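S.K.: Listed below, chain by chain, are the residues.
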Amino acid sequence: MIVTDAVKERVQIPLAVEGVSAERIAYLEGLVSQARTAAAVFSQFTQEDVDRIVKPMVLAGLEQAQHLARLAVEETRLGVMEDKVIKNMVASEFVYNYVKDKRTVGVIREIPERNLIEMAEPIGVLFSLTPITNPTSTVLFKCIMAIKTRNAVIFSPHPKAWHCCSEAVRIMYEAAVKHGAPEGVFACLDSPTLPDNAYLMKHKDIGLIDATGGPGVVKAAYSSGKPALGVGAGNTPVYLEKTADVNTAVVDIIVSKTFDNGTICASEQTVVIDDEIYDVVLKKFAELGAHICNEKETKLLERTVIDPETGFMQPMAVGQTAANIARFVGLKVKPDTKLLIAPIQGVGREHPLSVEKLFPVLAVYRAKSVAEALRVCVDVNHAGGLGHTAVVFSRNEDVIRKFGEVINAGRIIVNSPGSIGALGAVYNDLVPTFSFGCGTGGGNSTTDNVNVFHYLNIKRVARRTQNHMWFRVPNQIYFNMNAVENLRQFPSLSTIIVTSPLLEQIGHVDIVRRHICPKTHVHVQVIPDAEPEVKVIALGVEALNFYKADQIIALGGGSVIDAAKIMKLKYESPEADLEYLAAPFLDLRKRVVQYPTEKVNRARLIAISTTSGTGSEVTPFAVLTDKESGRKVTLADYSLTPDVAIVDPQFVMSMPKGLTADTGIDCLTHALEAGVSNYASPYTDSNAMQAIRLVFKYLPVAYEHPRDEEARCMMHNAACIAAMAFSNASVGVNHALAHAFGARFGIAHGRANALMLPHVIAYNAAVPTKFMPSPYTKGYTAHKKYATVADLLGLGGHTVEEKVTNLIAATDQLLDQLGFPQSIAELGISREEFEKAVPELASIAFEDPSWRSNPRMPLMSELIELFWKAYEGRGAAKVASTVEHSTV
Amino acid sequence: MAIVAVFLTIDETRLVGALRETGEKLDGTEVESILDFSSVSRIDSGAVRALEELGRVADEKNVKVVLRGVNVDVYKVLKLMKLTRRFSFVN
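Those protein sequences? They're chains A and B, same order as listed. First residue of the first sequence: 3, per this note's numbering; consecutive thereafter. First residue of the second sequence: 327, per this note's numbering; consecutive thereafter.
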């Protein structure tokens, strides 16, 4: 409470600043130093320690409620002693009831489902300004909150309420210290002045300013540059709607507006009454002790209680009784008049009584309609009441909701008194408070009823969480020779076979036809064997609609199956906008664009792959080209995944060598990239590893001996298995490079992948320049994954680095066996031409979404370097330095 | 002859007294003074003041004061009071 000698000795007296003498500064510094020590010591207290102190403080507040109320009325000459007793009791008992079980020390909330813990950190020293209107109750309230949250407070009461406030601080302080609070935890400024306030508001050791008072105080607090809770003036509009319970409404308004002579800033200021009930309401007010002013009396009232220059209420009227105000004004009213009611015709400066009036004078307005009533309430709300409080009396839920929508108030009180309702915990379940946050409308930082949680720094302890992952593949996959026979188990009235001219020509379509259910009408939609175009899709959809297809069989390579996926999408959801659906995304689960779920048609999609590479029969991807606009659209969504995949090697037995090699390396790239992807999981790993093993074993055989049934079968399976891995783990930077390079120089996708592959393995195995953020992986594992692949292939090596080197060598060897060029240069692309193209290639590769799941985040310079390595040739692929050299 | 170090175990029940005595005994003949805080679970305002004073005296007499076994709650109080720079800490 007072600055101890010990503190004085410790404080160096600074030079005087404007308006504050050196001696006064020493005094203020002493207060701050004492409070700072108290706050520091307080930081060691447990929840139990704190709660042991709070309860006796509350009891002291209750015991002294009347004493403090009497002091407040005697000193301020405002309000009603009996009501101030109630306020003091609410500030003690009701606030205690709210805070008693709240955790405010250590862990205050656990949210296991989000792996979050919230912990409390005290603020330290608060500088608190308290008002003249609710002086002692505000002090009691703030003291209880401060102790509950382990903070120290320096109070600066309104000068005209200093005695009662300092007495309230003393009572709280003694009760607190007696039960263990640190000494110096509360202090009350002796004879506070504006320069004192200004000095403390900017003090480096003040953690938070809590200013309750008029607009000046609040503005000063927010202008100080310190964190502040500044809560101040209001102008409460009330809508008394025709469906309301008039008896209840009138009594509630009288209770509220006369409570402590209207000093609570949440009290009613202007009541907007529906025309239908206006006369009844006013009659009721009169019956219950209100005086209804006539036009002349209203004019007199306006001139007396509102300052004509500022437009604000006259301070002399604040907290006075209705009878006293009537006497100042010169109105003849009954001595027991509770309230002066003044009809007004509008809101604004030309209607002086439409502003805040912290005394028992109430403006009323007759509204001809709900629309007019709401408009007038909005006007009142905007005439000084933004963010504060508003009241509505109605039994019409639509009206209540509309009122809530259009009025900007932190508290919208329904069918109950405004002032006591806003205080909380009496008429509703709002948090009990003596500080009303008014949001940005009132220049405040919160719309809350200020409470203990505003006196805390809340720390969030966020544990690492793994998002749910998935492994999604078609419902049914049929594989091995003659798997196509399974087609007959799918009933269909009308089937469209989407295929390419060549496949029809060589009899593959006939094989498929033979196994479709009898009685099924079959139409064959032959499309070019190239990346599907918009026109091709449109024709396909037209056919689907014409034949009312219930089944689509895609027979072909990746392009044909992609076309069928998009045809199905447009057939089932004609409104689907492909450009829109192709919007970029980072995480599939958080993507902005959602694929349509409502379908006008339904068709089963069965994909039969005739190449062993893309794995499109099980993937959720499709690529579309719009030749007219020159744009390429990549669609990705699990709804695109075929319903059934048939992996029958009979359709690949005649694949030419070149295609076998290209598609086989595409498959290997899928598996290797899925294996080291940041989205890899044990599910995708098992598929990726198996696919890699199958490729290394069977691809050379399938290439050299195309009629080798086992090799063809295993490579066909490998492509599908690798696709299952990358459908769920995605690919990586190899694909980004290959897409850019292949498109620019017209190189087949598998071939482009092959040119990059050894270099990308070396790149991913090295210590990244930039790690890719990924909640799914623990540490950097790409090099270890490659080493595991080397082990699986039996390549030998003791250290990770050796194993990765061996994997690169084995990949090189495989590429050689398959006759792939060693370098881009070998393709006949001149150094000059390539040099010219590289910057754009790097830029396009960087735009490619494929690398987003790559373990290493590629820098533009690194993409350029990778392109150049691919240009120079496979000998350039060496592991720079892996993350670990240890044996695994 | 200069004494290299003085060891003192601080008893929480008479923390302020012990710190004051330590301050009074510092005469500049010792190089450092080691105070064992292992049994101190919490400090009050009086102890904070005594530590401030001890730090001041130690600075004047050029004696290094080492606080041993300070628990993190007490350390945080010293941090908030900007006292950690006046002392050395060992476990």
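Among the clues, some could well be false.
[What the hints assert, rightly or not] With a cut-off of at most 30 Å between alpha-carbon atoms, the simulated DSS-like pairs for lysine-lysine come out as follows: (1) B/K405 / A/K204; (2) B/K405 / A/K180; (3) A/K204 / B/K351; (4) A/K780 / A/K592; (5) A/K180 / B/K408; (6) A/K104 / A/K461; (7) A/K550 / A/K537; (8) A/K285 / A/K301; (9) B/K387 / A/K204; (10) B/K351 / A/K206.
Simulated from the structure, these hints should not be mistaken for lab results. These numbers were taken from a predicted model, which means no experiment stands behind them.
S.K.: None of the hints should be skipped; say for each whether it holds.
M.R.: Verification of the hints:
With a C-alpha separation of about 22 Å, the suggested pair B/K405 and A/K204 falls inside the 30 Å cut-off, and the hint holds. Annotation: proposed proximity of B/K405 to A/K180 holds, straight-line Cα distance about 27 Å (limit 30 Å). A threshold of 30 Å between alpha carbons decides the hint, and for A/K204 with B/K351 the separation of about 40 Å lies outside it, so the pair is violated. For a cut-off of 30 Å, the pair hint linking A/K780 to A/K592 stands: about 22 Å separates their Cα positions.
Under the criterion of a C-alpha separation no larger than 30 Å, the hint pairing A/K180 with B/K408 is consistent with the structure, at around 28 Å. Proximity of A/K104 to A/K461 is assessed by CA-CA distance (about 16 Å); at most 30 Å being required, the pair is judged to hold. For the proposed pair A/K550 and A/K537, the alpha carbon gap of about 20 Å is at most 30 Å, so the pair holds. The hinted pair formed by A/K285 and A/K301 meets the criterion: a straight-line CA distance of about 21 Å does not exceed 30 Å.
For a cut-off of 30 Å, the pair hint linking B/K387 to A/K204 is broken: about 36 Å separates their Cα positions. For the hint linking B/K351 to A/K206, the alpha-carbon distance of about 35 Å lies beyond 30 Å, and the restraint is violated.
When held up to the earlier numbered hints, the structure conflicts with 3, 9 and 10 and fits the remainder.
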